[in-house]
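Engineer: The chain contents come next:
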Amino acid sequence: MNRVFKKLTIRTFFSNFKQFLSVILIVFMASMLLSGFITNYYMFDNAITTYFNKTNLADLWFYVEGVDENDEQFFSNLGVEYEKRLYIETKAGIPSGLASNNAKIYIYDEGKISNPYIETGQWWGCVIDKNVYSNNNLQLGIDEIQFTVSYEYLGQNFEFDLSFVITGTMSLDECADSFSSWPILISKEAFLTKVNTAICEMLGIDYQEFIQELPYNQILVKTEDLEATVSAVQEYYQTSSQNELYYSFDRTSIESVVLLNSEIDQSRKMIYVFPIIFLFVSILIILTTINQLVLQERQRIGTLKSIGIPDKKIMRHYSKFGALLCAIGSVLGVIFGIAIIPSIMFIKYNLVYSIPDDYVVLTIPYLYILLVIFGITLLGYLVSVCACHSILHKKPVDLLRFNVSSSRIKGTGRLKKLPFTLKMAIRNIRIKPIRTIMATIGIAGCMALLLCGFGIGDTLDYSISYDFGRNFHYDITTTYTDDMFEYNLYQLPGMTYYEKYEKMYVSVSANNSVKNTNLFKIEEQSLMTDIYVLSGETVISKSIADEMEISRGDKITITLGSKMIELEVTKIVTTSVMNGIFICDDYGFDESYKTLGMWIECSDVTDEKIDFINSINGTNTGYSMSQYIDNINTKISSINIMTNTLKIFAIALAIVVLLNLILLILKERVREIATLKVLGRNQKSIMLTLLFEILIMSICGSIIGMILGYPLLVLVLSINKVEVLNYLYKINFISYILSILIVGLTILVVTLLSYNKVKKINMIESLKSVE
Amino acid sequence: MKKEELIFDENYDGAVTISHLSKYYGENNEVKALDNVTLQLFKGQFVVILGASGSGKSTLLNLLGGMDTVTEGSINIAGVDITKLSEKTKTKYRREVVGFVFQFYNLMPNLTALENVELSELPGGMKSEEALKLVGLENRKNNFPSELSGGEQQRVSIARAIVKNPTMLLCDEPTGALDSKTGKKIIKLLQDININKDKIIIVVTHNSNLAKVADRVIKISDGKIFFDEIQENPLSIEEIDI
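As they're listed, the protein sequences go chains A and B. Just so you know, we're using this note's numbering here: the first sequence kicks off at 1 and counts up by one. Just so you know, we're using this note's numbering here: the second sequence kicks off at 772 and counts up by one.
Next comes chain B alone, as it looks inside the complex (with noise of 0.2 Å):
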């Protein structure tokens, strides 16, 4: 049997096709977290997934993170459909293809800011130092986790997720557990990290205002699509209140 590999397609356009996906939960399907979505993201967006607690917009995070199997439907990226990796590939997926920030963070609390980033970064590709640097977080770099504040955490934890320079970069509530001024920086560095458009940023959140910022906003409610926008002109993060 021919080894399962995650080989894309050399002439990929950066976009990710997601047809008629669909995630139920209970014995008999009854919770339908994600009900027969279909969209596709382009490089170079920022979207901005708009929802109530619960309407399914985490689980499509998940979904295209590889970090929860569909019930129906396909992820396709490059020519690949992720739906159906084996959980190795699925591995070797979210190590070279996603990168995660969170809204607690998740670092490793016994390794420094520096291994933390190091923890994702390939052979040949950007360096940690580098990453902490465009975070602006060079001088802390020695610092473990407790010994840094939450927006510095974040930071880092968007560090660790740049490092790799990855395809989609899949934010679920970055700035849920910060303040305003802080959340608005987060906010700023991710725009900021895709100067080049060359990733597709997905920011997951049930604060409205921060759709103002975004190129595209989709908005869910009860795992459905009812809202997809492109937004000509977004606002710049200094303008808006988050």
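One chain only, chain A, in its complex shape (with noise of 0.2 Å):
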């Protein structure tokens, strides 16, 4: 009996199998999500960890005035491993023609804490960010990188050109991030030797009589208890110091870090969201398909009862074909999933951070990818058990008879006046509702998931724009550190306003919670924003009052260094990129901790304009509104790659559920159109019956699925926050009709391909017999 079985089930499968591809396609596309996303959180999680751990990265940044002998039996008293460093914010350039850019450059004395990975060259010399070197066509041992410094000795300030030739290549974990800024490393040797021979020149004193040692302003720290170091340090240079403590950081305030950070959580995620709709549709499928077959073969079952094979057996028999076809397409959208997402997603990382290539090595998680094989074929197995299990419940003689249940069909009197393709199309839906969900269901997920793609590109669009076209009307933003930028401005050629601002980076506790944010002290009555504080007035930025429970009147405290305020909210107002609290008046924190800015209104912004306010003495980073819209963009790529994959994936959907109800339906009424086409109804009728059937549950599942885009967009990008954006979100009526466009246009290309299909039915086959 069993090889007779197994016959059986091989035939059954054959000749099913363009039923069954729809199946396999289904839970090969989740199988491919699932283990792609899970293997690429691994790969993603195991490179960045093993970027820090090889890196050395510190866990604590102290900034301070300077570091001397005392400083430094300090912290070697204090047990933790630390480091020094001269850090340097300025701009740099490429002599044979590259513009100058904001550069961060750190020079080194060991490299034991927060050490580059060397990608190419050597570490001796000058050092460069491995994206910026390629990206720029740059050449080892012949390009140089020029910069600007300013320097003190002896009471005295000297400022000089230096430049270093690019003696190697880096990624650096601290500065992967390489958006707006390059990350350069220079050793202490090397600029020692430079800076020095600069000030011996300028002062005319003999280079071997002078000795300068560097001006350490940076200290980093391997710690395990970040807390009770941080209050050893204060406390230290609060009472003990010859040198200031000017702030200190941890991990969570390194954008790199944190970036790399909330990737890994967002890679994580990934693995929650798109796999599991997709599995829920194969569900839906499987039952629906493996429910179609047993119908189909009812008579047969029938037949199997009546001679005395055990339900067990039967049962048994069908199930295995949800498994057969679940493993089947587990198992290849494994093997692809492991072999394409992860590559993709890591084009994507590797244009947005600094990884080093050698930490990026497949890393299988094979018991997870095992579980995910094994249980999608238990899932098939089981479903499909649900699937046979009515009908193999019912008496072997119910089953010989005639297959249609009339139950359904009866009270349908009131569609007698429509026309015949209509009334055939609505009670072959009623006749069968597990085939009419599994339609609506598969086209409400394309119809919300096409719109949750298309939502976040409007979301982006929306959120950016309400700060960067509604909040904020400047034309131009800038930060400086130097009084004179504000004269040398009066040169800028078509300007016409600007007004200065305040940034500070402050802690916020209010309701037992505290987040750190910005603080913006901006002018009163400022004509750059619509963010409107008087004096004595604060306004928090709606996400961060929401986070923290805040309402307007609610006290907050805010600390930053030794200073803490407290103060009372006036108004809560919606912000995507420019989240923080805005204030007007001066309530005396320490100048060291602020960021002066500029927003300047002018007219005619060009790129010559922005180069003239960065070759200003004493500018950082000057932006037109539309060059920090592409900044913010860049950070924000990821999700814009996920926009593009959910609309992807979104037809897939419709097209495998599409064609396996078509399939289905053609399938289970062969015998119909056979017939019809006998009693001389032509290719149109038919097919507009078809169409009618297809049309009333796209119609319904695209409601459904317009009613949910809405939450499934929510939910998306609230499990995907990044840090530079707090989400407005958004669905642009286009994208509603962009939407019902594409399932329209699926649905008839779909419908078109059943054309010949139908035409192709041979009516004396078809007839033949019941069988």
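Simulated from the structure, these hints should not be mistaken for laboratory data. Each hint should be verified, as a subset may be incorrect.
Calculated pairs, BS3-like style, for lysine-lysine (alpha carbon to alpha carbon, straight line, at most 25 Å) [claimed, not checked]:
(1) 863/B - 684/A
(2) 990/B - 423/A
(3) 757/A - 855/B
(4) 757/A - 912/B
(5) 423/A - 803/B
(6) 730/A - 542/A
(7) 760/A - 898/B
(8) 855/B - 684/A
(9) 863/B - 759/A
(10) 904/B - 417/A
(11) 417/A - 968/B
(12) 912/B - 760/A
(13) 912/B - 759/A
(14) 423/A - 855/B
(15) 667/A - 859/B
(16) 898/B - 684/A
(17) 995/B - 759/A
(18) 904/B - 423/A
(19) 863/B - 760/A
One-sided excerpt, in silico: chain A residues whose CB lies under 8 Å from chain B [what the hints assert, rightly or not]:
(20) 68
(21) 424
(22) 679
(23) 682
Where chain A lies over chain B, by a calculated footprint (3+ residues, C-beta under 8 Å) [unchecked claim]:
(24) 878-890
(25) 961-974
Nothing here was measured: the structure is a model prediction, and the numbers come from that model. We put the CB at the ideal spot given by N, CA and C, even for glycine.
With the hints as a guide, dock the two chains, each given alone in a separate frame, to form the complex.
Structural biologist: Listed below in structure tokens is the structure:
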């Protein structure tokens, strides 16, 4: 008997292959996404963890006035691993023509902590970020990096240009997000040689007699007990040190580290969203396909039962199709998922971050991958058992009878006046509730995914334009360090107005929660922003207020350095990028904590005007509004990848669901179609019946999908939060129209594909016998 | 190019002329389902085609019904060779000229008896309710096929076939799935339908007893006609066992 059942399995498999193909395809997509995202998460997490470990990323960064022997003694006694270095923020360029850019220059002594990963060349000399190097087609040993430094010696301030031949390329974990500034690493010896030579030339001193140590301004620390170390360091600098401690950072304040960690978090969350949606649709498709199979074979099942084959045996026979299809789909999906998805994701990671290639190793989480295959196969089996369950409980005599239940088509008298095509379509829908539900949910899923895909783009555009089109009206923004900047700014052609602002990174506490955010001190009744602040007022971004459960009238405490102030929230405003607290009064915060900025109104903003601002002494980096928006878009580029992936998979889902639906309809109705052909019904009217049926389900599915689109958008984006942007959710009307058009077009294409199938139905063969 | 239309000769005498009709299957035409068949059928005839399984009788019926393509030969009805018609015109031919009655009824399971008949109703022709009345099912018109017995379903099938007032009624084993008593009723019904002798009724069967009630009996074997006889005095259906 088993041999016969094996033969039956093989024959049934091949005779239903096209139908089964849709199950394999949808399972393939689900398992591809699932295994691909799992592998990507493990690979990325592994790469970044290795990166941080191998480069010995610091746990704490102390920005200090200087480092003397007593300070070193203190850190030595503290029992922590530490390293001092000089950090300079300036502008750097390539003399051969590359425009100058913001640069973060690190002058290292030994490179014990937060040391770079040298990709090519050598550590000694000048090493630059590998992405900057390759994007600008630079050459080792030939091209030079040039920058200007200010240097204090014996109370005298020197400013001079330095240039270093590029000796190597690197990835530096604390500057892995090379969006807006170039990380440059220079060895202590190379730097001192150049600086001391320059000073000696200026002062006319003999180089051999000149001894100048580096003016270190950063101490990096490796420690497990962050809080205790910070407290001890703060106490030491307040009581004993000759130098001042400006501020301390931990890893949560280093943008690159935060972005990389949030990217790991996002890659983990990716596992839960889309694969789950596809798994859900897979379940429905398996359920419908196997249910259809057993309905189609009900007389055979009746015969098997009538000749004494046990129910369990029959159930196992039909259920194994679900398991078999899921096993094939999941094995293929896993292979393609592991091969494709991490590769695509790492193209994006490498565009945005400097990650050492050596640390990107294909890490297959075998246990999870096996679990994916086993889990999906088991799911297929169980869903198939459910699909067979009802029919196997019928008596053999019932199964051998004519196959249509009239109960569901009773009470359709009201349809009498409708045309045949529509009447048949409606009754067919009522006869097959599971198939109808599957198709409706499939279309709903497709519509919701499409809307979500378009909605992500709309939300990003709306969020960015909300701040940089509505909340803020400036044309150029820049930060600066020198008071002369304001004077020089008057030479900017076309400038009509400017306003100064101050930005501080503060700690806000309220309602037993604490959050670090920006504090903006802007001008009273500023003309550059609609965030209107009057003296005595405190305005807070809605996202922060919501997160900390702050309402109008609540008190908040702002801490910066040793200064602590209590303010009453007077207004809550919606912001997306410029999130923080807005005030216009001076509360006496230490100047050293402040970043000074300028919002400039200028006609005809051109690259030349931006270059002019960047060339003014004392400016850090100037951006036009559009450059600033581009910068933000780069930082959230991972979300754009998600948007396109969503749209592609939504269309794929629609095609698979609709093809499966069409195949099911054609298969179960081949005899009816053949009869209609014999009766002289033309192809058009037969196709109309199918089209009406698909259209009714598609319209219902689309409406449900349109309702679900917005919640799905909120769900997807809420688990893909980024630091740089607070989402203001929105789906534009045009996105609804586009989604409807795409779904409609897919339905049309799939229906047209079935046209030939209907045409090819052989009347004689189809009507030969009941079987 | 002139649009192909199904226009019959005005002086049509109701005859159907089949000339050298062949239907071969297989890559090299090795299976001869119908081999060089020539015959003429006349209006008013109740023809029974007898033959064993695979003899070619159903193939002949299918070719007459425009459901299949011929390998060679022609079928001429009122000056039109239906073997030369396009698929579109064949569809029109099936819709307007021939009526089919199948062994397993082939009713639309999701349409009521009346709606199944309405599927074949032609504008200006017989009404479906009238056709159902003719087959004695006016009281079951709102029932779905699953609510009807086999005999009732076959009667609906006949009503569907006659509602268009076809030139030819093609019946493929119409009693094959029915008990003897019901089968007799169906044959009686088919005879009654042709009371005005305005149609050709062709019944394909392997039941030789049915031949006794026919005006004409044709026997086929291996795709060839080996017997073709007009019966001057056919028996009534009550006189035979089927």
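Engineer: All hints, please: hold or fail.
Structural biologist: Against the structure, the hints:
With a C-alpha separation of about 13 Å, the suggested pair residue 863/B and residue 684/A falls inside the 25 Å cut-off, and the hint holds. At roughly 43 Å between alpha-carbon atoms, residue 990/B and residue 423/A are farther apart than 25 Å, so this suggested pair is violated. For a cut-off of 25 Å, the pair hint linking residue 757/A to residue 855/B stands: about 24 Å separates their Cα positions. For the hint linking residue 757/A to residue 912/B, the alpha-carbon distance of about 33 Å lies beyond 25 Å, and the restraint is violated.
The hinted pair formed by residue 423/A and residue 803/B fails the criterion: a straight-line CA distance of about 43 Å is larger than 25 Å. Pair hint residue 730/A plus residue 542/A holds up; C-alpha atoms about 16 Å apart against a cutoff of 25 Å. Between residue 760/A and residue 898/B the alpha-carbon distance is near 32 Å, which puts this suggested pair outside the 25 Å criterion. This hinted pair checks out: residue 855/B and residue 684/A have alpha carbons roughly 22 Å apart, not beyond 25 Å.
With a CA separation close to 15 Å, the supplied pair residue 863/B and residue 759/A stays within the 25 Å bound. For the given pair, residue 904/B sits about 21 Å from residue 417/A by alpha-carbon distance, which is consistent with the 25 Å threshold. Taken as a hint, the residue 417/A and residue 968/B pair is broken in the structure, with Cα atoms around 35 Å apart against an allowance of 25 Å. With a C-alpha separation of about 33 Å, the suggested pairing of residue 912/B with residue 760/A is violated against the 25 Å cut-off.
Using a Cα cut-off of 25 Å, the hinted pair residue 912/B and residue 759/A is violated, with the two alpha carbons roughly 31 Å apart. Simply put, residue 423/A and residue 855/B have alpha-carbon atoms about 35 Å apart, too far for the 25 Å limit, and the pair is violated. Between residue 667/A and residue 859/B the alpha-carbon distance is near 24 Å, which keeps this suggested pair within the 25 Å criterion. A C-alpha spacing of about 24 Å is found between residue 898/B and residue 684/A, which places the hinted pair at or below 25 Å, so the restraint holds.
The hinted pair formed by residue 995/B and residue 759/A fails the criterion: a straight-line CA distance of about 31 Å is larger than 25 Å. Taking the CA atoms of residue 904/B and residue 423/A, the gap is about 24 Å. The hint holds against a cut of 25 Å. Between residue 863/B and residue 760/A the CA atoms are separated by roughly 18 Å; this keeps the pair inside 25 Å, and the hint holds. For residue 68/A, the suggested interface contact is broken, since its CB lies about 93 Å from the closest CB of chain B, more than 8 Å.
Among the interface hints, the one on residue 424/A holds; its C-beta lies about 6 Å from the nearest C-beta in chain B, closer than the 8 Å criterion. A distance limit of 8 Å between C-beta atoms decides the matter here; for residue 679/A the minimum to chain B is near 5 Å, and the interface restraint holds. Interface hint at residue 682/A: satisfied, since its Cβ lies 5 Å from the closest Cβ of chain B, which is below the 8 Å cut-off. With 8 residues having a Cβ less than 8 Å from any Cβ of chain A, the segment 878-890 of chain B passes the three-residue criterion, so the hint holds.
Evaluation of the coverage hint for the segment 961-974 of chain B: breached, as 0 residues show C-beta separations to chain A shorter than 8 Å, against a requirement of three.
In summary, the structure is inconsistent with hints 2, 4, 5, 7, 11, 12, 13, 14, 17, 20, 25 from the numbered list given earlier, while agreeing with the others.
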